[in-house]
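S.K.: If you're matching them up, the sequences are chains S and Z in order. Counting along the first sequence from 1, when you hit position 139 you're at 139 in the working numbering, and nothing is skipped either side. Counting along the second sequence from 1, when you hit position 224 you're at 224 in the working numbering, and nothing is skipped either side.
Since the hints were derived computationally from the structure, they do not count as laboratory data. Careful: at least some of the hints might be erroneous.
To be verified - Example chain Z residues on the side facing chain S (calculated, C-beta under 7 Å, incomplete):
(1) ARG135
(2) ARG136
(3) LYS140
(4) ARG411
(5) SER413
(6) HIS425
(7) MET427
(8) THR429
(9) GLY439
(10) PRO469
What the hints assert, rightly or not - Selected chain Z positions facing chain S (Cβ under 7 Å, derived; list incomplete):
(11) ARG12
(12) SER424
(13) ARG430
(14) ARG437
(15) PRO443
(16) PRO446
(17) ARG490
Heads up, the beta-carbon is just placed ideally off N, CA and C, and yes, glycines get one too.
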Amino acid sequence: MIKISEELFAKIKENVIKGRRNEKDEDLEGGSVGEPGVKELIEEALEGGIEPKRLIECINDAMVTVGKKFETGEYFVPDMLASAEAVSVGMDVLEPQLSKGGIKKEKFVVATVEGDIHDIGKNIFAMMLKGAGFDVIDLGTDVSADEIVKTVKNEDAEIVGIGLSALLTTTMENMGVVIEKLREEKLEKEVLVGGVAVSNEYADKICAIYCADAFEGVDKAKELAKKRG
Amino acid sequence: MRKGVLVKPYERLEKAQIEKIHEASLSILRDPGIISYNREAAEIFADNGAEISSNNGYWRISIPEGLIEESVKHAPSVVKLGAREKENSLVLDGKEPRVRFGTGSEANVILDMDVEDFVSEKSGIERRFPVFQRRRGTVKDLCQSAHLCELLENVDFFLRNVNIQDDDITDDNKDVNKFYASLNNTTKHVMAGLTNLEKLDDVIRMAELVSGGRKEPIISFIACVTKSPLQFIKESTQNLIEMTKRNYPVVISVSPQGGSTAPIQEAGTVAQQNAEILAGVVLSQLVREGAPVLYGSNPLRVRMDNLDNMYGAPETNQYYIGGVQMARFYGIPCYSAAGVGDSKFPGIEATAEKMMSHLFSSLSGAQYVHYAFGLLEGTNTLSFEQLVLDDLHVGFCKSMLRGQRIEEELRDSLEDIREVMGTSHKMFTRYARKYLRAGEVIPFYPFDGDANETLIKARERKGDLLAAPVEEIPGDIKKGVFQEFDVLERIR
């Protein structure tokens, strides 16, 4: 049993690093199709009675390796995102077990603000957040301040933070509106802001946390989760 | 074997226009004919039915059409060029528009680049800037250049690109040393012209020692047979005759200058150049039927302010394309040119000028594109930093020109599109990975920055490459070479 689980952990790790969500996926070079991916391997592990907590550790371990490969230039953004997606699929499989065990994933709300339909950055941020183990509530694009506030109110207890994105200087101002409304409703949540139009100065002005890109956003989200303990 | 990139060629000239140029070239070779300062060449033409008139120190040759058409048929379509490393050998097929790039010229000047820190007197801002220094090329530079070109993936062959001007280099030891410096530092095919014809057999013997008896020659030669307009030079014509006798591949290289030594009109320069090259091809085939030759098209336009060469002129590119199309018409592999900058410094102007000809020469389907790396100030200066940049940009051209795979890609893409539309993020990044890993996609511009930063990054890359060990000629073979030939101690 110990030997089997070790082999399984190694395979899960390998497939996270290769960014393979399931058996249909290709690896980095276009191979491995038909071999079990993260989804099938996690299912097998759960059936074999392996604790979800240990599987999460294994996934996190793999993502550390992916992060290192990215830093050294061996991995590019597509590799990073593929791995994050594989983790996200793995977490979905684990979800029922985690809930049963009373383990709750930390939530993050993300949205492109009202008037803006640009969402590449927001989507990358969401993918990376899922890969980091967050439960992401993606409200999409052109989202009104009221809708964001409503969502935060409903899910309040588990929400770690809110990520807002805007590409246009004209729609960027709506980030300030969201924050004002959150304060009016006494919702003391940290807000991460990013997007081409946004600057550090603007973030300071509206009392938000500036993120230069999706990757910095994920690092800051992790810090927020840590602070929350 | 280095396969090159098979292109669907850009045909600027229609078939009927090519035939008209061919006829014009035949007509030029009949009248006014070609002037030869070389007696043997004149005699060979006379023995084969050409009309010869003798003048003071030269002969005027009027070549009949039939002789030209008959001789050109004998020039082989396929020329095989070997290399120290078999994987680097080339098979040039004059009928197949498969493009390869290499270095060229025999640059007199090396442009050294250093990086220095400067502080603005006005604002106090600190910046790093490249500083340049010109100096005469040496045999060590040639070694370094060959080493760099060995490691740069887009360089398909090495044409010695430094004129070695060390104090101890003489007419007697220049040929052996330039070939040795090249062969010892690259395993790619090596080509050069000859300084002293008496050394031809030495160079061939040395190359044969190095190649270990490989069938395809690991070196080949350039003979700049004519001086434009239409004059066979005494020495270089003799070079062609002797190299041909030994059955070594030779480029019959001509370089008419539109506006000075050739008509400025595209049709005029292409027709004159074609006549000059055909005269050389005929001579080679009369010396030895079936001798391997390349159609050496090297035309350019001149500047109107000082009649200097203007490689970056749009017309230069028109002449290039004309040359490539004429070579293909005869089915003779084309040695063409690309990538010469008129700029004296590496960077923006040089790259703009180079990219235009890199693209057009490759688009036209030339089999053997020389000059493509590192040249500045026409062909007079070589910059290693620019050489590194050119390697990347030639890589861009190669990527752009690679064959399409519509059916296979549509099959994949349709699946991907359906898959991605089912996700919340709607990103295709995952499917880019295998193309990235297969080396088909250049991930980003690696020398990103302002003009100065780009050069500084290129210099760093050069340093990294030159830090790698050289794949030298094996020791036992070297020993044999040194026993027979005077190779300078410092490059052994």
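S.K.: If a hint holds in the structure, say so; if it doesn't, say that too.
M.R.: Going down the list of hints, with the structure as the test:
Evaluation of the Z/ARG135 hint against chain S yields a violated restraint, the C-beta minimum of about 35 Å exceeding 7 Å. Among the interface hints, the one on Z/ARG136 is violated; its C-beta lies about 39 Å from the nearest C-beta in chain S, farther than the 7 Å criterion. Annotation: Z/LYS140 was flagged as interfacial toward chain S, and the flag is violated, the nearest CB pair being 32 Å apart, outside 7 Å. Evaluation of the Z/ARG411 hint against chain S yields a violated restraint, the C-beta minimum of about 13 Å exceeding 7 Å.
A hinted interface residue such as Z/SER413 counts as satisfied when its beta carbon comes closer than 7 Å to some beta carbon of chain S; here the least separation is about 14 Å, so the hint is violated. Taken as an interface hint, Z/HIS425 checks out: its beta carbon lies about 4 Å from the nearest beta carbon of chain S, inside 7 Å. Look at Z/MET427: its Cβ gets to within about 6 Å of chain S, closer than 7 Å, so that hint holds up. Interface hint at Z/THR429: satisfied, since its Cβ lies 4 Å from the closest Cβ of chain S, which is below the 7 Å cut-off.
Because the smallest distance between the Cβ of Z/GLY439 and any Cβ of chain S comes to about 11 Å, over 7 Å, the interface hint for this residue is violated. Hint on Z/PRO469 is violated. Least Cβ distance to chain S is approximately 23 Å, over the 7 Å limit. For Z/ARG12, the interface hint is violated, since its Cβ never comes within 7 Å of a Cβ in chain S; the closest pair sits about 38 Å apart. With a cut of 7 Å, the hint placing Z/SER424 at the interface with chain S holds, because the nearest CB-to-CB distance is about 6 Å.
Contact between Z/ARG430 and chain S, as hinted, is supported at the beta carbon level, the nearest pair being about 5 Å apart and thus within 7 Å. The closest approach between the C-beta of Z/ARG437 and any C-beta of chain S is roughly 5 Å, which is under the 7 Å cut-off, so the hint is satisfied. Hint status for Z/PRO443: holds, given a least beta-carbon distance of 6 Å to chain S, under 7 Å. Interface hint status for Z/PRO446: violated, as the beta-carbon distance to the closest one in chain S is roughly 10 Å, over 7 Å.
For Z/ARG490, the interface hint is violated, since its Cβ never comes within 7 Å of a Cβ in chain S; the closest pair sits about 37 Å apart.
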